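Protein chains in written order, with the numbering used here: chain A, 57 to 410; chain B, 1007 to 1392.
Keep in mind that the hints were calculated from the coordinates and are not lab data. Model, not experiment: these values are computed from the prediction. It is possible that some hints are incorrect.
[To be verified] The following label-pair restraints were derived from C-beta to C-beta distances:
1) A:Ala-289 / B:Arg-1034: 24 to 34 Å
2) B:Thr-1043 / A:Val-278: 51 to 61 Å
3) B:Asp-1276 / A:Gly-172: 47 to 57 Å
4) B:Gln-1313 / A:Arg-174: 58 to 68 Å
By construction, the Cβ of each residue, glycine as well, lies at the ideal position given by its N, Cα and C atoms.
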Amino acid sequence: MSDAMLTDSAARLFRDLCTREVTEAAEAGTWPRELWNALTDTGLAAAAQSDTGVGTVDLCALARVLGAYAAPVPLVETWLAQRMLAAANLSAVDGALTIGPVLRRDNLKLERASGGWRLSGSLKRIPWGRDAETLVLIADADDGARTVVVKKPQGWTHDWSYAREPRDAVRFDRLPVSEEDTGKGWNRSELFFNGALFRTQSMAGAMERALELTVAYAKERVQFGRLIGKFQAVQQQISAMASQVAAGSAVAQSAAEANAERLARFEIAAAKARIGEAVAVVAGVAHQVHAAMGFTHEHTLHRSTRRLWAWRDEFGTETEWQAWVGRVAAQLGGEGLWRYVVAASKPDMGAALP
Amino acid sequence: MFTSFSLAELENAEHLERLREEVRAFLRAELEAGAYTREPSGWDRYDAGFSRKVAAKGWIGMTWPKQYGGHEKSSLERYVVTEELLAAGAPVRAHWLADRQFGPLLLSCGSEDQKRTYLPRIAAGECYVCVGMSEPDSGSDLASIKTKATKVDGGWRVTGRKVWTSYAHKAHLMNLFARTAPFDEKNRHEGVTQFIVDLDWPGITISPIYNLAGDHDFNEVVFDDVFIPDDRVIGEVGNGWKQVSGELAHERAGSERWLNAYGVLVHLLDSAGADLDRADAEKIGRLVTHLWTLHRMSFSLAGLLNQGITPAVEAALVKDLGNQFDQDIPEAARQVMQEEDRAKLPDEDRFNEMLDRALLYAPSYPIRGGTREILRGIIARGLGLR
């Protein structure tokens, strides 16, 4: 399938199946089975398995579509897990997958034991932890970072993001892991950067949707005898919002393209920072223009804005990434900065996690 | 907006990378020879000698046909050259408007004779142009201009007053906007005509308007019954408004809209040192994320221009974001390097000088080339709100 066909078919699927009822049920804790099954049947759920030929730029475009439709499914997490499996030369696993650790403070340990390994440690804020059929995790072993496959564990503590997406906690206490369920691939930094890359894409999609809803509302809502979109004060606000959306969209696209060739740490860091910063204006203006209507549960705007608030905090907030970029810039110095920023291919500056 | 234009192919173009290196080598040699010193913004420093050297490299009129002294390069090649010149703080102002706006205007609307007369001189770095749009009572509202051109035998007689005319005191020509038909409220944009004026003609008086930094860039230019021959009309009589619309996209699309204070960031990084605390790292990092974003957006606009697309809305959007960035740099710089830190810098460190200049110039960035409010109006129109 060409990339445009892939994103078009994803958009159609989300439009048809990602209804208000499905979203509300998901936010109340019901797994959106029909939606997930459709993603499985069309092959979208397996799009990042190593044999599909779907590249990073296309996957990123799909993550953007997911964001635009605020789809309440661990699709991005499943893709990240599939990429981790491929990087570690482990067999592909079907079904809903998720990844961890997603917080820098969480550490997993993998110790040699008779007949295999033992996994210990605790994880928090795991996306869709309770619904995932398999977890693909990074743990520290004595020979460095290892990728570990864990089948649906018990004992989750449920938690939620602002968007009412599951963000759950679980503990492992010397959980047995067999030799064929572990391999060497990504380290935690690579997982964190890839997580940030995909969240950035979904945020770009959510921003574009928020803008679309806001412009549409400004063109239909009448106050003081005029469409509110005809008031200059409103136009100025929406234009400022559009500039932030365009910036977010451009950085997301640039990070995706740069990452097609290498782990583009600088581009990902800069993109997550820039788009995270844009959220305050984008969500702020969207709600201001929608006024009381947009603050209701009835209106769909919050499906986009709550995700923007949730996702900007995940895999590094804007200030965490700004500090990371600032340290890279300080290493580069005044003259080196320009050369680095405009270069198509940027050497890795070695700053690991923010 | 901006989602459909992919940079993947264009970024890999090796010849663009080579061109960047060529510009950098030229600039390094000039800097070492003491031909210029880095400014926070190059495009407001006027140096005719430097412009002639840039011309000798083939970097003025880059995209124009060879028959008019141009070099038939792509908009992307032009973009790379101008971006490198501006980032290095090189003094490019002398030829800037002639190269960016006036040349393209003549190419699209000028007569054959005008093209042959002016374009080769501009491309050689020997003919500089200023723009006579603004007037005392019409800033952003171009349609409200009152400078009047009356038809006489063989030409026009012009009387009126232009203000905020940058570098009129040094330019050879003015691209003059004047009313050639009475103002009609229903057709506000009709009846404006563009003329090519020699600034040494009798009846023209140029007086300085100093800016708040104490510099002389602006001028007032008074026209007292100045005769302009017919062959100096650009394009069609009465069609000035439509002609200028395309020109403004060129004026707004470039990197000069977000590299006005870049020199401050360069010096800030060197003066603040490599060991930044968290708060300072955030402030500097934020600026760098914006720099990268604007470079990517602007580069993609150059890609659109290269495909023959005039991205008026996107250009407005980049200028709006870019001017904010220009203003954010001195704000962040004064927070990272506070009075106590600045007082400690050695005399030869130019950070303080750069910051002073950028901070004093900051109010002008979202005014010149279309105010923020006007740009946002253009964006709103693009979104279908007006």
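Status of each hint after checking the structure:
The supplied range of 24 to 34 Å is broken by Ala-289 of chain A and Arg-1034 of chain B, whose beta-carbon atoms lie about 49 Å from each other. In this structure, Thr-1043 of chain B and Val-278 of chain A meet the distance hint of 51 to 61 Å, their C-beta atoms being roughly 58 Å apart. In this structure the supplied range 47 to 57 Å holds for Asp-1276 of chain B paired with Gly-172 of chain A, their Cβ-Cβ distance being about 54 Å. For Gln-1313 of chain B paired with Arg-174 of chain A, a C-beta distance near 59 Å keeps the hint of 58 to 68 Å intact.
Comparing the model with each numbered hint stated earlier shows that hint 1 is the single one that does not hold.
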